[in-house]
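Listed below, chain by chain, are the residues.
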Amino acid sequence: MPFNVRDMIEKTGRISSTNQQYLAAGMFTILIMTIPLGAGAYPNTVMIEVAFYSIVTMGLIMLTGFTGQISLGHAALFGCGAYVSAILTTRYLVPPWPALFLAAGFTGAIAYAVGRAMFRLHGLILAGVTLALNLLFYYLIGSISGLTGGAMGIMNIPPLSVAGYTSQSVLFNYYLLWTIAILLLIFSLNLADSRFGRALRSINTHAGGSEEAAQVLGVNIMKYKVWVFVLSAVYASIAGSVYAHYTRIIEPNTFMLQFSALVALMAIIGGRSSPWGAFLGAGLIVSIRQLLREFMPLIIGGPTGSYELIAYGVILVVALLFLPQGLFPIVKKAILRRKPVSQ
Amino acid sequence: MKDEIKQNNIPVLELNDITMRFGVLTVLNGVSFSVPEGNILVMIGPNGAGKSTLLKLISGLILPQKGDILYHGKRINGIAPDKITSLGITQLFQDIQLFSNMSVIENVMVGCHLRARTGLLSSGLRLPSGRVDERNMFDTAMTHLSMVGLEDKASSNPNSLSWGQQKLVGLARALATGSRLLLLDEPYSGLLTFEVNKLNNLILELKKKGITSLIVEHLTDILMGIADQVIVLDYGEKIADGTPSEVQKNKRVIEAYLGEQVTEE
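Heads up: the sequence lines are chains Z and V, in that order.
For the first sequence, the working numbering begins at 1459 and goes up steadily by one.
For the second sequence, the working numbering begins at 2 and goes up steadily by one.
The shape of chain Z in the complex, shown without the other chains (with noise of 0.2 Å):
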């Protein structure tokens, strides 16, 4: 019988068990793996972009909820992986799998390096080197042309393949990547309630954490916030990788710094307290932008990109305004609610 605390403390309520985590996690699974059963080709393929954002915004999840840390500079990460993957197998003909790990490896090693840096500084001016390496990420990009190709970027990036089969088709992007996305929340789910995971949430000075506290009983906050940075850079670049391999072409402009706004606002929305806010936030902006995209141009007319902009913006603020602590807190109570009628 695997032992963890939130089994013995599970009559609080207020945390729910492991083993309620992993069953809403089976359930999780089984819906999302029947939902191309009865879905067409295009749901199928805004599911796909939800799975990337979702990953990413988990990884943004666990270095903003858990532990308190800014970063406005995640697409640099995803960028990261993604470049990394496509020079690997179209330049040095690596096979997409193993270019995914190493992609992983050497955008875990930078967020390493600029981690150790980057964590003497708090708040806002953290935020602001964040967003100052995502930046310096763009122009590098386009500065190392011959190997990233510039503001052309780089083509023909070969597709990943499972057990020799190899396709390009939607669905089995999407049983791949809503794959990968599920292995990465049941890791978090395990982090969150673990020793590290209490290290991490005892520094989260947002959230009822104290460094000072944590530091008297032993925790060393700089490693702990420089280690949850690298794991969150690694989500990043797992998911970017995934990305140049389905879409097969990448360009620098999807790297900027709008991606990094959209990741922070989803998992705002989605609630930072938990993993699962980053399937919520994710969920919904993409839903959100999709209807946008399809139903401005009937009632505007002409391009609509920026409107897409101050939409977001809007739900910003509602979100701040009326739910500053997102989605998962209304949601999970609304699903424990129900439980104890069913049984």
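Among the clues, some could well be false.
Stated by the list, open to error - With a Cα cut of at most 27 Å, we get these calculated DSS-like pairs of lysine-lysine:
hint: 1; chain 1: V; residue 1: Lys75; chain 2: Z; residue 2: Lys1681
hint: 2; chain 1: Z; residue 1: Lys1790; chain 2: V; residue 2: Lys154
hint: 3; chain 1: Z; residue 1: Lys1681; chain 2: V; residue 2: Lys210
hint: 4; chain 1: V; residue 1: Lys57; chain 2: Z; residue 2: Lys1791
hint: 5; chain 1: V; residue 1: Lys75; chain 2: V; residue 2: Lys57
hint: 6; chain 1: V; residue 1: Lys75; chain 2: V; residue 2: Lys210
hint: 7; chain 1: V; residue 1: Lys57; chain 2: V; residue 2: Lys84
hint: 8; chain 1: Z; residue 1: Lys1681; chain 2: V; residue 2: Lys57
hint: 9; chain 1: V; residue 1: Lys208; chain 2: V; residue 2: Lys84
Quick caveat, the hints were computed from the structure, so don't treat them as lab data.
None of the values given here were measured: they were computed from a predicted structure.
Dock chain V against the given chain Z, drawing on the hints supplied.
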């Protein structure tokens, strides 16, 4: 005879000429003292006498501008606070600082942080070694929680506890580190009478186990009974150091601190 013992035994804690200034304000001025192992040292002094600063200097949260801090004869100033904790020193803050984003037992389990090594991968993959660590940390935390009589609050959120209960959880969490030197910053403030007695008994219990306590307080009467050694600070300077009865007779102390209370009565 007494001096001989002191010379043979290296004191658990020794401060040499500690000076600390914040801007123009001198918070500590050339403070030196030593504490033998297993002693209960009570440090008193009016507000702003530099007592809390002194504790944060020992636990490494701030660095002294001048002077040395020795733990078992080894210099510890300049070492990171978490490393100092691993040497066996921990602190209970005046405002406790329990983590309100986790349950009481998880708070105490953070106190067990240094007892295990479970890292990122074994946590995330829930490897068997990590599960064993988790079980052991839970058991250790539970033992410390029952030591302060609050095992039934294990699953509560710290914010739902009374102030006195929070102080006791804070003490359990500090003890869970396995530290041999406890720095207690006003542990008695805000406690009810029965809680004061409970805390007194706990500190005496710890003394029996050879744990040294350095207590910063205002309430002198309660503590004179359990203190082995009393130090009086006034405007950042040590004005007295000795047994409770010695200090109570000290002229400077009577003038600077106790005297005012006596004349008021």
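Point to revise | Hinted pair Lys75 (chain V) and Lys1681 (chain Z), Cα distance within 27 Å | key: holds (25 Å)
Review point. Taken at face value, is the distance from the CA of Lys57 (chain V) to the CA of Lys75 (chain V) at most 27 Å?
Key: holds (18 Å)
Point to revise | Pairwise hint evaluation, Lys57 (chain V) against Lys1681 (chain Z), where the allowed Cα distance is 27 Å at most | key: With a Cα-Cα distance of about 21 Å, the restraint between Lys1681 (chain Z) and Lys57 (chain V) holds, given a limit of 27 Å.
Review point. Quick one, are Lys1681 (chain Z) and Lys210 (chain V) close enough, alpha carbons at most 27 Å?
Key: violated (33 Å)
Check your understanding: Taken at face value, is the distance from the CA of Lys84 (chain V) to the CA of Lys208 (chain V) at most 27 Å?
Key -> The hint holds at about 24 Å.
Practice item. Take the C-alpha atoms of Lys57 (chain V) and Lys84 (chain V), compute the straight-line distance between them, and say whether it is at most 27 Å. Key: OK: Lys57 (chain V) and Lys84 (chain V) at ~14 Å, within 27 Å.
Practice item. Please work out if Lys75 (chain V) and Lys210 (chain V) have their alpha carbons no farther apart than 27 Å. Key: This hinted pair holds, its Cα atoms lying about 22 Å apart.
Review point. Given the proposed pairing of Lys1790 (chain Z) with Lys154 (chain V), does the C-alpha separation stay at or below 27 Å?
Key: The given pair, whose Cα atoms are some 24 Å apart, holds under the 27 Å limit.
Exercise for review: Verify the proposed pairing of Lys57 (chain V) with Lys1791 (chain Z), using a straight-line Cα cut of 27 Å.
Suggested key: violated (41 Å)
Checked against the numbered hints listed earlier, the structure breaks hints 3, 4; every other hint is satisfied.
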